[in-house]
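According to our numbering, the sequence shown is numbered sequentially starting from 3.
Certain hints may be false.
[Said to hold, decoys possible] Label-pair restraints from in silico Cβ distances: (1) ARG127 x ASN228: 15 to 23 Å; (2) ALA91 x PRO47: 54 to 62 Å; (3) ARG7 x ALA169: 49 to 57 Å; (4) LEU113 x LEU21: 22 to 30 Å; (5) GLY163 x ASN228: 45 to 53 Å; (6) LEU51 x VAL103: 49 to 57 Å; (7) TYR255 x SER217: 29 to 37 Å; (8) ALA22 x LEU51: 26 to 34 Å.
In case anyone wonders, no lab produced these hints; they're calculated from the structure.
Even for Gly, the Cβ is constructed at its ideal location relative to N, Cα and C.
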Amino acid sequence: MHLGRPTRGLLAAITGLTLAVIYLPLVVVLINSFSSSTSLSWPPPGFTLEWWVRTANSAGARDAVVTSVGVALASTVIALVLGTLVAIALQRYDFFGRSTVNLLVILPIALPGIVTGIALNNFFRTIAGVPLSIWTVVVAHATFCIVTVFNNAVARLRRTGTRLEEASADLGAGGWTTFRLVTFPQLRSALLAGGLLAFALSFDEIIVTTFTAGSGVTTLPIFILNNMFRPNQAPVVAVIAVVLVVVSVVPIYLAQRLSAADVDRR
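Produce the entire structure from the sequences given, and follow the hints as far as they go.
This is the structure in structure tokens:
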């Protein structure tokens with residue numbers, strides 16, 4: 003499609019404005035993490051590394067990071083297993099209610115986080131009788147992390163087709179052997195990309211976490227929320243926010259690179 007110069011200029015201006023609205027606040031947070039002011043006044047009166055040192059020496063911040071990483075890893079493992087199995091079942095087999103199951107698997111990512119959080123809180127406390135803990139957070143995160151793995155796996159299964167799997171079966175391989183030697187190698191990069199996205203989603207989730215975490219569970223986003231309005235804690239919160247952005251962006255970037263590389267190979 004050929005676009006005239008005025009149209010290209012308008013699209014470039016709209017794109018630039020949109021990116022500025024999204025990323026300029028992040029740049030401000032980054033600069034404020036080095037500000038010498040405790041109230042994050044703008045422009046910063048000076049710059050210092052004190053807040054980064056203080057954050058690194060904060061036992062609460064370190065514990066929050068460890069908790070967030072642990073929850074994200076556990077949620078990602080669950081999502082990889084269940085998301086892969088559901089994707090294979092829905093893509094390779096025809097059964098009654100398949101479309102409904104497909105909708106129910108994808109639905110958690112479309113629901114508002116507060117709805118999911120309230121529903122899971124009620125389920126854990128009133129129906130299942132399970133006390134809120136770090137494990138309820140893991141289960142809650144896995145409900146929406148499954149979607150990212152599922153979508154990646156389904157897309158890959160649709161592109162690869164069933165010819166190699168059928169050839170494997172014709173040669174006498176069983177179901178497990180076919181999955182291990184044929185299906186899984188084709189899914190490997192898609193599952194890695196889905197797992198990275200799932201980790202990023204879980205690591206910075208706060209709404210669902212707030213409703214499903216016990217009183218002693220503090221993830222990094224909850225730590226930020228608890229300290230945001232405390233006196234002299236604003237610079238520390240800015241530092242943690244920068245760390246949260248970096249840890250979230252890296253898996254997403256790697257997942258995007260993996261997907262792009264796979265498309266280029268094809």
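Quick rundown of the hints versus the structure:
1. ARG127 x ASN228: 15 to 23 Å: Given about 22 Å between the Cβ atoms, the range holds.
2. ALA91 x PRO47: 54 to 62 Å: holds (60 Å)
3. ARG7 x ALA169: 49 to 57 Å: With Cβ atoms ~53 Å apart, the hint holds.
4. LEU113 x LEU21: 22 to 30 Å: holds (28 Å)
5. GLY163 x ASN228: 45 to 53 Å: holds (51 Å)
6. LEU51 x VAL103: 49 to 57 Å: The hint (49 to 57 Å, Cβ to Cβ) holds, given that LEU51 and VAL103 are roughly 53 Å apart.
7. TYR255 x SER217: 29 to 37 Å: This hint holds: roughly 35 Å between Cβ atoms.
8. ALA22 x LEU51: 26 to 34 Å: holds (28 Å)
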